[in-house]
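Trainee: One letter stands for each residue in the lines below.
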Amino acid sequence: MVDIRLNATINGRKVSRDAKPHLRLLDFLRDDLNLTGNKEGCGAGECGTCSVFVDGVLMKSCLMPVAKAQGATVDTIESLAKSGELSVLQKAFHKAGASQCGYCIPGMVMAATAALRANPFADREEIKERLGGNICRCTGYQKIFDAVELARDVQNGRLPSTALLETDTADGDVIGKSVRRIDAPSKVSGRLKYAGDMIMPGMLHVQVLRSPHAHARIVSIDTSAALAIAGVESVITSADVPGKDGFGVFVHDQPIMARDKVRYVGEAVAAVAAEDALTAKRAVAAIKVVYEPLAPVFDPDEAMREGAAIVHDYAPDNITKHIPIRVGDVEAGFAESDLVIEENYSTQAIEHAYLEPEAGLAYIDHDDVVTVVSPSQNITHHRHMLARIIAKPISKVRFIMSPVGGGFGGKEDMIYQGMLALLAMKTMRPVRLVYTREESIISTAKRHPSRTTLRMGVTRDGRIKALAMRMVCDGGAYGLSTEGVMRKAAILAAGPYNIPNVRIDTFGIYTNNTPSGAFRSFGALQTQFATESHLDIIAERLGLDPFEIRRINAMRDGATTHTKQKLGSVSLMRALDAAEQASNWEAGAPTVRGPTRGDLGHDDVRPSVTLGARFAADDKQEAAE
Amino acid sequence: MARKRGRGMAACWYGIARTATIDRAAAWAEIDDGGSAKIVTGVTEIGEGILTVLAQIAAHEIGVKPEHVVIGDNDTARAPEAAHAGASRQTYMIGNVVALASREARKRLVDVMAEMWDVSAETIHTGNGEIWAENTNHRISMGEAVACAKNRGVVPIGSATFGTDTTGIADGKGGDGSGRPWQAYVFGCQVAEVEVDTITGEVQVLAVWAAHDVGRAVNPQGVEGQIEGGIVQAIGQGLMEDYQLKDGHTSTSGFAKYILPTSLDVPRVNSIIIEDPDPIGPLGVKGIGEPAMVPTIPAVMNAIYDAVGVRVFDLPATPEKILLAMREKARREAATSMQAAE
Ligand code: FES
Ligand code: FES
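Chains H and A supply the protein sequences, listed in that same order. If you read the first sequence in the numbering used here, its first letter stands for residue 1, the second for the next number, and so on. If you read the second sequence in the numbering used here, its first letter stands for residue 1001, the second for the next number, and so on.
Chain H with its partners taken away, still in its complex shape (with noise of 0.2 Å):
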């Protein structure tokens, strides 16, 4: 491929470089030019993490060809406040909060430029639709929406610039103020760098060859073609990890390649080092694998059936764990009851979808050290397990945090960087890997996908005398997070109640799936669901109002837990009142009063959307209705 001679004005200088054709203009910014501020999020044109002017016009540079811009101009994030002086809208973001990882911050600040640009008086509506086009992981928006309508106040003179100023702890008290995040200006300005955005001098990049199948035996691995490419540094199969294979947060069931079978779709089997990422994705491509199938298992329930496939010999009923909670007697319980109701519910997987796609680099230091910069959420055990796995005393393994661009969880498991702390150790040259959104989503923990049966027994007055539980997780292929997700989800799953008899049983079993792991809210949310849902159609039944039916049962100071935990102060009942009186409710049976409801619609609501509804006036008219 030849180059092509790309002239152009970026961020108000005039550029004439060769570029290589197969680049997009993002690649462009970021690997030659090294303008890291825009980052790719998807590849795709889902996610404006990549979002850039144009000769004026915000533009997803992941979309377009390096050749298209030729002759253009082009301003990335970095234009904004290109002498430091961050600009008004950077500014208001700072202020307003409204950056929190900050990866979707900069293609976010371009958006919102662009908006203010295109109409100086937006309304909050105008300002939503559109900045629909970026996605931001973290923040619920609702502080970007704010830091848009303070920019444009200021712009417009109806507030003063000292608006945008350090909230006053002049009277010295800092506790309690919303001070300005000390990480802000970092975030809106794109000057922040994540591992991704990094570069060391010699780097090679890497590329991980993974399994097509859900469960097969490795029957061979064929690296030779590979290692025969120009360019190719290393290749890296399980059989080359010196110490003892195995992380997990609790049971250390996943080698850092697929060692003998792999176990789900995506699962790393090999991993190549070379000068460059096309050519490490060429020598993947060569490496030939000879798989032999085995009889693979989806389901949890089927999983826990005799005869079904054994995804790992240690556990031969494919139960990762299970947690029971017991207090009293339920059967007793139920018997006592006015009201006894069971319902099933379920819950699906869903991906953290952090902004940020895993990423990370690794090097030999001067004094032997293993070093890994990742955005890692658990250092501490990282640095344990990868001693053990690559056979090294602590002291000689160090793992360096680099910005999170959004966990949630999801980067507690230690997924890739041992195959990054092997090629550094093989090649003794620093190697990055930088997953691509698809990898991140094929290959890395999901939330558990659940199925809950719950039976709760209650008298005629609201109070529960009863609750059994039965929770099934599908906990894919590795253990991960798993035992934790179990026993929090078993704990928390009764609610805040007094229960006198309680039956709490949560499985976490091993499948062919994609491994689940630690997600925000960590198996509460799922059994929390199951039992909230459940006290509304409860009271529905009784007649209560769904305040009233968990004051009856609700925990007070000095309450005693379901796992015989005594309790000091318990705000609950603070937050019961604190919510109905806030949101102005109207009092009554769940009883789908909705229609009549007098409490709907006050000025703390959005209004609704009707999509397009700026373009066509009919469709107001029939929202109104």
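Worth flagging that the hints you see were computed from the coordinates, not collected in a lab. Take these hints with a grain of salt, some might be off.
Negatives, chain H to chain A, calculated, CB over 10 Å [as the list claims (entries may be wrong)]: (1) Met64; (2) Asp222; (3) Asp338; (4) Ser569.
The following residues of chain A were derived to be distant from chain H, with all beta-carbon distances above 12 Å [what the hints assert, rightly or not]: (5) Arg1007; (6) Glu1134; (7) Thr1136; (8) Asn1137; (9) Ser1141; (10) Ala1147; (11) Ala1149; (12) Arg1152; (13) Val1155; (14) Gly1175; (15) Lys1257; (16) Ile1273; (17) Ala1334.
No farther apart than 25 Å at their CA atoms in a straight line, the calculated lysine-lysine pairs in the PhoX-like style are these [claimed, not checked]: (18) H:Lys261 to H:Lys426; (19) H:Lys20 to H:Lys396; (20) H:Lys426 to H:Lys244; (21) H:Lys281 to H:Lys244; (22) H:Lys177 to A:Lys1038; (23) A:Lys1004 to A:Lys1329; (24) H:Lys566 to A:Lys1173; (25) A:Lys1038 to H:Lys193; (26) H:Lys426 to H:Lys288; (27) A:Lys1246 to H:Lys261; (28) H:Lys68 to H:Lys177; (29) A:Lys1173 to H:Lys564; (30) H:Lys244 to H:Lys177.
Positions of the beta carbon are idealized from the N, C-alpha and C atoms, including for glycine.
Since the structure of chain H is already known, use the hints to place chain A with the ligands on it.
Mentor: Just chain A with the ligands now, kept in the frame of chain H:
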């Protein structure tokens, strides 16, 4: 009427820091030349705002401005262990330990000044970058005080470790699960208002009122950010997100197929912060990251039921499922009314 509104609520509880094990964290603090503070601890920001929270805590304890706190973090070879960034533990574990380390550093400095000024240490105060002794005219900047200490051969540093008084739970064979999994619990309650389009089955969550106990809010804006973000993630799971697998292969490997909440899907979130201080830690703080997500889904499902009389037991509550459930309900009702007519 094409669109119907309804409301629902749900409560929650949650444990703060690691579950059913002893949690621990450590930090170092130094009051540096010029009167700034240096805090070193082993974790970093995952977006929740912990660096700002730690700067506020150190500033509060030492008596400097938050912008004069430098945080060295995130390195197993250069910082003391702070364990992991998760379990809603950052403000609780790291915040408390940074407070303790800062107190020790401050005490070193105060002791030097007490000796120099010949006053008792209890009469010395710090704040806003200054140090002074009450009822005297002794008042100097923290920078000057650090210089005084160093001239006497003292570097004002502190270190601390913070551990929880917790146990495992009896979850082995035949166990009843008893134990003390956490020392700090939080409680919360949310109300959701939704609008259901009865023609398309689409649900919009228009508002959520979220009341959560956080112990003590170090940075209220940060707490709101956690609540707002948690609620929107929960709405994603409740209404649209779905990682689908068939024979182990996913059909949702990109954001074109894996649908996430966008700016048009989010409710107005009205946060109510409740402060029921933790009696054990030095600051009274607890946590908010995870509990914020727990009540949202049932509150929304209860609200959908209130609006249109159907309940989704099987997440996510997609428009297809809502329509199907509404059709079944209509069929059931027609059948009963027919029976009644017979
Ligand atoms: S839209 Fe370009 S990276 Fe996602
Ligand atoms: S701040 Fe938007 S994705 Fe993290």
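Trainee: Determine for every hint whether it applies to the structure shown.
Mentor: Hint check:
no., hint, verdict
1, Met64, "18 Å, holds"
2, Asp222, "25 Å, holds"
3, Asp338, "22 Å, holds"
4, Ser569, "6 Å, violated"
5, Arg1007, "6 Å, violated"
6, Glu1134, "14 Å, holds"
7, Thr1136, "19 Å, holds"
8, Asn1137, "19 Å, holds"
9, Ser1141, "14 Å, holds"
10, Ala1147, "22 Å, holds"
11, Ala1149, "21 Å, holds"
12, Arg1152, "27 Å, holds"
13, Val1155, "24 Å, holds"
14, Gly1175, "6 Å, violated"
15, Lys1257, "10 Å, violated"
16, Ile1273, "9 Å, violated"
17, Ala1334, "17 Å, holds"
18, H:Lys261 to H:Lys426, "24 Å, holds"
19, H:Lys20 to H:Lys396, "40 Å, violated"
20, H:Lys426 to H:Lys244, "17 Å, holds"
21, H:Lys281 to H:Lys244, "28 Å, violated"
22, H:Lys177 to A:Lys1038, "21 Å, holds"
23, A:Lys1004 to A:Lys1329, "16 Å, holds"
24, H:Lys566 to A:Lys1173, "24 Å, holds"
25, A:Lys1038 to H:Lys193, "22 Å, holds"
26, H:Lys426 to H:Lys288, "21 Å, holds"
27, A:Lys1246 to H:Lys261, "20 Å, holds"
28, H:Lys68 to H:Lys177, "48 Å, violated"
29, A:Lys1173 to H:Lys564, "18 Å, holds"
30, H:Lys244 to H:Lys177, "49 Å, violated"
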